[in-house]
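Use the sequences and the hints to build the structure in full.
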Amino acid sequence: MADIINDLITIITSELESLGLDEHRINLVLSGRELYGFSGVLDSVKLVELIAGLNDRIEKITGKNIDLFERMDNEFFGNFLNINALSHYLAESIQHAPL
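Those letters in the sequence shown? Residues 792 to 890, per the numbering used here, in order.
Calculated from the structure, these hints are not laboratory results. Do not take every clue at face value.
Distance ranges between label pairs, derived from CB positions [claimed, not checked]:
no., residue 1, residue 2, range
1, Q886, D813, 17 to 25 Å
2, E861, E814, 20 to 28 Å
3, G811, P889, 18 to 26 Å
4, R862, S809, 19 to 27 Å
5, S830, Q886, 24 to 32 Å
6, D864, E814, 28 to 36 Å
7, A888, F829, 28 to 36 Å
8, F829, G854, 16 to 24 Å
9, L810, E861, 30 to 38 Å
10, T804, E850, 13 to 21 Å
11, E866, F829, 28 to 36 Å
12, D798, R862, 27 to 35 Å
Here the structure is a predicted model, which is why all the values come from computation and not from measurement. Glycine residues also receive a C-beta, built at the ideal position from the N, C-alpha and C atoms.
Below is the structure:
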């Protein structure tokens with residue numbers, strides 16, 4: 792599982808770069824800073840762009856349909872609180888996704 796988490800952190804980092812985050816803000820995320828919220832590094836638009844980008848990227852890599860937007864519920868955004876929560880959430884989503 793640790794290898795999958797590390798791969799997902801790399802994918803998340805790449806997606807943050809594609810959103811235009813600078814090295815400083817990416818390092819904040821990698822050190823555990825909140826992705827969104829009062830002290831987060833993303834605004835609501837960038838958060839939605841991150842979700843969409845991760846969804847597309849992971850589906851292309853895995854060939855699995857994880858449709859993150861379909862899985863939205865009251866607890867959904869808690870999974871995007873920081874990179875640790877997000878990488879574990881994505882690993883679980885991939886594991887349980889249909890081919």
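Hints, verified against the model:
1. Q886 - D813: 17 to 25 Å: With a Cβ separation near 33 Å, Q886 and D813 fall outside 17 to 25 Å, so the hint is violated.
2. E861 - E814: 20 to 28 Å: violated, 33 Å
3. G811 - P889: 18 to 26 Å: This hint is violated: roughly 33 Å between Cβ atoms.
4. R862 - S809: 19 to 27 Å: holds, 22 Å
5. S830 - Q886: 24 to 32 Å: holds, 30 Å
6. D864 - E814: 28 to 36 Å: holds, 34 Å
7. A888 - F829: 28 to 36 Å: Since the Cβ atoms of A888 and F829 sit about 32 Å apart, the hinted range of 28 to 36 Å holds.
8. F829 - G854: 16 to 24 Å: Hint violated: Cβ distance 38 Å, outside 16 to 24 Å.
9. L810 - E861: 30 to 38 Å: At 22 Å between Cβs, range violated.
10. T804 - E850: 13 to 21 Å: holds, 18 Å
11. E866 - F829: 28 to 36 Å: Between E866 and F829, where Cβ atoms are some 19 Å apart, the hint is violated.
12. D798 - R862: 27 to 35 Å: The hinted range 27 to 35 Å is violated for D798 and R862, with Cβ atoms some 20 Å apart.
The structure shown violates the earlier hints numbered 1, 2, 3, 8, 9, 11 and 12.
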